[in-house]
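Peer 1: Here the protein sequences line up with chains L and H, keeping their order.
The numbering used here numbers the first residue of the first sequence as -12 and each following residue consecutively.
The numbering used here numbers the first residue of the second sequence as 833 and each following residue consecutively.
Among the hints, erroneous ones may be present.
In the EDC-like style, the derived pairs of lysine to aspartate or glutamate whose C-alpha atoms are separated by at most 20 Å in a straight line are [what the hints assert, rightly or not]:
1) L:K189 x L:E105
2) L:K291 x L:D277
3) H:K944 x L:D305
4) H:K1001 x H:E1073
5) H:K1001 x H:E839
6) L:K189 x L:E253
7) H:K936 x L:D306
8) L:K291 x H:E846
9) H:K950 x L:D306
10) H:K936 x L:E105
11) L:K189 x L:D277
12) L:K291 x H:E910
13) H:K936 x L:D309
14) H:K944 x L:E304
15) L:K189 x L:D106
16) L:K291 x H:D907
17) H:K936 x L:E304
18) H:K936 x L:D305
19) H:K950 x H:E910
20) L:K291 x H:D890
Which stretches of chain H does chain L cover? Using the computed rule of at least three CB atoms under 8 Å from a CB of chain L, they are [to be verified]:
21) 928 to 934
22) 939 to 947
Calculated from the model, a selection of chain H residues having no Cβ within reach of chain L, i.e. all distances over 12 Å [to be verified]:
23) E839
24) K850
25) R851
26) G885
27) D907
28) E910
29) L918
30) E925
31) T953
32) P1000
33) Q1041
34) E1071
Don't read these hints as lab results, they were simulated from the structure.
C-beta atoms are modelled at their ideal positions from N, C-alpha and C, and glycine is treated no differently.
Letter by letter, the chains look like this.
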Amino acid sequence: MFDASLLPGPRTEGWRHGKISQLADLPSFSQHWSVGDDLDSGHGRLLFAADGLRMSQDMRSKCHLAPKMVHAEDVHAMLMNNKTVPQLDIFLGRSDDVTLDFSSLHGSLPLQLNITLEDASTSSISFHGAAADASLWLRINIQIAHGASLKFLQHDGAASGHRLFDMQVTQSAQSSFAFLSLSHGGRYVRDEITCRLASNCKADLFAGHHLQSGRHRDLRFRVDHLGMQSTSNQDVRCVVHDRAVSGFDGLIHVSEAGAQTEAYQESKVVLMEDGALHHGKPELEIFQDDVVCSHGAAIGQLDKDALFYLMSRGIAEDDARDMLLEAFFSGLVESATPFMGHVIPSNEDMLHLARGAA
Amino acid sequence: MSNPMLEVCDLAVEIGGKRIINGMNLVVPAGEVHAIMGPNGAGKSTLSYAMAGRPGYDIVGGDILLDGQSILGLDVSERAAAGMFLALQYPVEIPGVANMSFLKTALESLAKARGQEKQATVEFMRQVKAEARALQISEDMLRRPLNVGFSGGEKKRNEALQLAMLAPKMAVLDETDSGLDIDALKIVAEGVNRMRDPARSFLVITHYQRLLDYIVPDQVHVLAAGKIVASGGADLARELEESGYAAYEAA
Ligand SMILES: Nc1ncnc2c1ncn2[C@@H]1O[C@H](COP(=O)(O)OP(=O)(O)OP(=O)(O)O)[C@@H](O)[C@H]1O
Ligand SMILES: [Mg+2]
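Isolated chain H, as found in the complex (with noise of 0.2 Å):
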């Protein structure tokens, strides 16, 4: 096994002194695609969060590790310049900011953390609109403000286009498939396939079974009251779509 990408270490996280996950252990190899289903409130957004390092999802015990380093010491966009990326459940509506440039500033702020030259504007945008058309985002879409009046769908192809212009190390997708169309759920799943790479892992939170048909996960796990309660392979995912979450709730 290659070495871990991700790896959640008895973490427990409190919202507003609120126990939400409690005890929670993962570990995502490094080229890895892993899925984490689980009844609504379990806490999967929660976990999420708390990768990303949201203020107000309080880290009350344990560890996060994002490349055999901790990432608790960094704040929100020290995570994301060491390579930690999050597909909200809910992308935000920024009006005043053009969703363009709000991605070139994305772009410049990252190399500028990591030391690295900025792409050159030809180049950036060459790529934006390559990607743009690969995941059929219109140029209109482009230019307007960050997911202003986009619709539900449209504000997932959206994140998709972020997730691949910023190429992550670790990506973690929340509902990233909710609201999207058959077409659109084939269109997003390739481009996440196309990024598949033994040094980029994925955390693909998800309700239906369906998205799994087209992002083929390695491993599967089962969230329920803040912790995995089973893990297994593809056909884990099949079995929840059949018999649901009653038996983990349960225990």
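Next up, chain L with everything else stripped away, as it sits in the complex (with noise of 0.2 Å):
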């Protein structure tokens, strides 16, 4: 069974640079459970608890699903006796909003969803991440088909307990994928999103996140050019107190066949304490001379000059804090938002972000 403790900790190195699937003893996946053939035009919630697997009323209502539970014990059963891992397949179709709430998930969950967007559909997913006693192994395979639209919103209300994160997406020729991560990180959070791009696609990752102290997240987004004149963006921006733990690894990848790639990549760490860490490591790997790409990355602390400036017009200094906090996260969603459509953060998500409350 999934067993937490025997991660390894935040501060070693060769997991921190690894791969999940490399360093994790994937089981085989045998047992499916089908959510449904026919999400026509859902705007279903799956909420995700201790007990078990369960779909929201609003769920079965709109998607008129076959609804069903699966219940903790039996999960842990299975992974006793078969070591397979639960997994859901979920079809989107036309434009489908769908939620993954594990925000009520206690216990420990592996799970593997696979999910598949038909042609030309527009969908979107509002993740919400597990409580901070929690401990989610999640592989979420996405296939994005031909000139489909997929916004991913993947969004920690409070700080997790330990969560790995693989999402593998496979994007067809004039697909887009757009990924906006909002993180308070946890005792142990590695998130890695994967895209290959075929041609003619567009990928653009956003994430934020603010670690208060012994917090923990690694985020690691690969963006594989495989196809002609596909565009991608990464776009990251951290906040990372004392004694907490930051990783950013951000890879383009652009094969022999990705003529007239452009992708970009940029990072903006905040160190606000002494004792703050961040791994940065932006990559570039091009196999193709007919490419635009370019990275960045700036480590600093908060604009001093600033903090001066706002506090000379009587704006104490724990506020001044928060509002420069505030803009520097509101400077993400307001790069991510033309992407993102109407799957964005609220303004009070946007201020508990800010004051990286618990």
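Using the supplied hints, reconstruct the complex from the two chains, each of which is provided in its own coordinate frame.
Peer 2: Put into structure tokens, the structure is as follows:
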């Protein structure tokens, strides 16, 4: 069974730079739970709780699905006996909004989601992270068919416990994928997002995290340009406090077939106190001459001139700091908004992120 | 003479262990406008930052009193709440913080620190629009991020707007005139003159006598090598315009 305590600690270098799939003992997948074959006009919410997977009422009614309840004992027993990971297949039709809500999960859950988007469809997925006492091992395979588009919001309402989030996105020609992640980190959080782009695709990846003391989060973006004329963008902003550990590995890979690729990557990191730690690893692997690629990584402290200026007008130090952090993250969300459409965090969520609350 | 609003007593200021202000004395009585002139690098901005409480400007001797109270124990925002205001020589650009909401937050913070009721939003809007109009600041500039992409002169007018809105007891203007065109200079000077009040004082740092034609000072001081080396009436500024600082720097 999935035992979070067996995971190496956050400061183990070898683990940090490896891939989940190399390091975790991937069980074979044998059993499937199909959520449905025709999720035509779904605005569903899947709730993942300690006692199993539940589909909420509105998912049932709107998606005409035969709901399946999976109980924790079943999951555990199955894992003990067969070493399998429960899988869930989700098919997204014309314009579906699906919520994957792990916020009521308190135990440990390994899960694989296989998500398929139909040709030319437009869908969105909102993911809510699990509670601080949960361990979540999540593998998400996404197939975006020709001309389809997916917006994915990954959003932690509070600090997580353990999370390994490994999302593999395979994009057919002329498809687009937009991703926005806002995180408070957790005891151990590693999020990996890999996009494989055929020709004329778009991938726009945005992420911000605010790690309070003692929290951890590693983020890895990998974008593979495997076809012609695709564009990608990675934009990451991190705020890290004393004794928190942050990481961002961003890779742009352009294969020989990736002529006329445009790919950009930028990360900005603010270290709030002396003991804050960030590992940054921007990487370009380019096997094609006809490309436009750039990357930039900036690490610094909160702008002291700006802090002085705000305070000199009477704004107390803590409030001035909050204002600057809000501005820092709102810049990220502003950049993401044209790509994320309606799938953007609320103002309250943004405030919550800026304050770095529990 | 009325009570002193600002008293700088035997002040010594260091930046990174380097002495910049050295045994400086200055008194600005309530209701008066004093000008400070002096060569580049004399320590004028250092003095103004030290008064505002900017970290890194270490006060290693002497005292600064605002309205009779030492402000050395107060941090930057507490000094603002006590009535100190500094219009910066180089206003800071802050992306992501809208000009108007910054002003509103500042006013609310000051009211809170002083235990006052906060101004109603309608009243704030009315006032900010009226002051902006008087300073020829467009509504677009009010909505934009604080100082971001503002021209040099627009930044200085925006400092003047903050001065008008925050209505401090003691306003220090560090080269607010530089970067302003002739019309804007008059507009800003008129703004300052409108604010002259028996309960408010100004310390105007400038290189140009021209500003002092519009804002007529009660006294002019020459700051050179970290201390006041000469004081006089408005005439002193005109003399300096002719003769320069050579006589003072040699001293
Ligand atoms: N951070 C710093 N580190 C070292 N020296 C500094 C620092 N800041 C200012 N100084 C020095 O302190 C001296 C006074 O500078 P200040 O900015 O106060 O001059 P000023 O009188 O305002 O000049 P100006 O008329 O050019 O504005 C200068 O010699 C300057 O180089
Ligand atoms: Mg100066």
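Peer 1: Please list, smallest to largest, the hint numbers that this structure does not respect.
Peer 2: Those not satisfied are hints 2, 4, 10, 26, 27, 28, 29, 30, 32.
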